[in-house]
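The hints should help you fit chain B onto chain A, whose structure is shown.
Protein chains in written order, with my numbering: chain A, 2 to 254; chain B, 6 to 61.
Worth flagging that the hints you see were computed from the coordinates, not collected in a lab. Don't take every hint at face value.
Facing chain B, according to a computed beta carbon distance under 10 Å, are these residues of chain A, among others [what the hints assert, rightly or not]:
1. L27
2. G40
3. G41
4. P47
5. G54
6. F55
7. R56
8. Y59
9. S64
10. A96
11. S103
12. F106
13. T111
14. Y217
15. V220
16. S227
Computed far set for chain A versus chain B, every beta-carbon distance over 10 Å [unchecked claim]:
17. A80
18. G142
19. W180
Bear in mind that the values here come from a model prediction, so they are computed numbers and not experimental data. We put the beta carbon where it would ideally sit given N, CA and C, even for glycine.
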Amino acid sequence: MWTWFHKLGSPPHLYRLAEKLAPWLLWVSVAVITIGTYGGLVMAPPDYQQGDGFRIIYVHAPSAWMSMSIYAVMATGSAIGLIWRMKLAFAVAAASAPIGASFTFLALVTGAIWGQPMWGTWWVWDARLTSELILLFIYFGYMALRATFNEVQKADRASAVLAIVGVVNLPIIHYSVVWWNTLHQASTVTKLDNPSISMDMLWPLLFMIMGFNLFYLAVLATRLRSEVLKREHHARWIDKVLNGLLPESKISA
Amino acid sequence: MTEFLEMGGYAKYVWSSFGLTLGVLVANIVVAKQQFRSVLVRLAQRRTNRQGSSDR
Numbered sequence: 002m003w004t005w006f007h008k009l010g011s012p013p014h015l016y017r018l019a020e021k022l023a024p025w026l027l028w029v030s031v032a033v034i035t036i037g038t039y040g041g042l043v044m045a046p047p048d049y050q051q052g053d054g055f056r057i058i059y060v061h062a063p064s065a066w067m068s069m070s071i072y073a074v075m076a077t078g079s080a081i082g083l084i085w086r087m088k089l090a091f092a093v094a095a096a097s098a099p100i101g102a103s104f105t106f107l108a109l110v111t112g113a114i115w116g117q118p119m120w121g122t123w124w125v126w127d128a129r130l131t132s133e134l135i136l137l138f139i140y141f142g143y144m145a146l147r148a149t150f151n152e153v154q155k156a157d158r159a160s161a162v163l164a165i166v167g168v169v170n171l172p173i174i175h176y177s178v179v180w181w182n183t184l185h186q187a188s189t190v191t192k193l194d195n196p197s198i199s200m201d202m203l204w205p206l207l208f209m210i211m212g213f214n215l216f217y218l219a220v221l222a223t224r225l226r227s228e229v230l231k232r233e234h235h236a237r238w239i240d241k242v243l244n245g246l247l248p249e250s251k252i253s254a
Numbered sequence: 006m007t008e009f010l011e012m013g014g015y016a017k018y019v020w021s022s023f024g025l026t027l028g029v030l031v032a033n034i035v036v037a038k039q040q041f042r043s044v045l046v047r048l049a050q051r052r053t054n055r056q057g058s059s060d061r
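This is chain A alone, in the form it adopts within the complex (with noise of 0.2 Å):
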């Protein structure tokens, strides 16, 4: 167990870990939400008030789902890699930032697409709606802030503490349905013991989760590999990696 976690912490060893591991994340996540897809769209029953217009929850609700358990990860990392000085967890916290700003887009698009023919807008000044537009902002404040550093090493640093004060915002969405009480439905889902929703209707939801899940980990291991190299280009093992993968003629392509 110790000697795995350590060989974890090795840039070469995870390096060539992702490069085995995305294919099959990928085609696994790419299964596991067609499933998911046909549940929701097929299987699952209409909603008794909101009919068909319901199925949306099974992109909305995971892409809103990722969007907050990205930024944990993301935070996690970057407390690690300042406290223990582990650069691999900065490289996970910096290969995370657009996945989970991307699933934040969707989880507010989606959500003002649903919004629209149930609540009769798109848009309103709701705790939820707002707290999920700023964790939006704040994944956009923490890349830019990156790219103004030209060392990887001081944009690692600086990123870090933004992404860790910005976790406050996490539980502020979370309860922002139970602390006001607006328009933003409260859950569903979570009530473990007790969920408000049909078993028919909620496993397509949950191998709708599980795939995005197992997608944002194949889409990290590929960016992981070039946070890997940004971070080892001096490395001599990436010598290796360059004259295995990338012939002469395909370089100056």
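Using the frame of chain A, we list chain B on its own:
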């Protein structure tokens, strides 16, 4: 089939949501791969530059 596509009158909302999601997922893969390739090319160029200067 038409009934399925009509989504009980919610067609434009449901299909635009799912279409957009597909688009964002595909873009994630494409952008990540492009970025990886550009990092590789940049490192390879840096290496050839280094070798070039050491030859002189």
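Evaluated hints:
no.	hint	result
1	L27	holds (7 Å)
2	G40	violated (13 Å)
3	G41	holds (9 Å)
4	P47	holds (6 Å)
5	G54	holds (4 Å)
6	F55	holds (9 Å)
7	R56	holds (5 Å)
8	Y59	holds (8 Å)
9	S64	holds (7 Å)
10	A96	holds (9 Å)
11	S103	holds (5 Å)
12	F106	holds (7 Å)
13	T111	holds (4 Å)
14	Y217	holds (9 Å)
15	V220	holds (5 Å)
16	S227	holds (5 Å)
17	A80	holds (24 Å)
18	G142	holds (19 Å)
19	W180	holds (27 Å)
When held up to the earlier numbered hints, the structure conflicts with hint 2 and nothing else.
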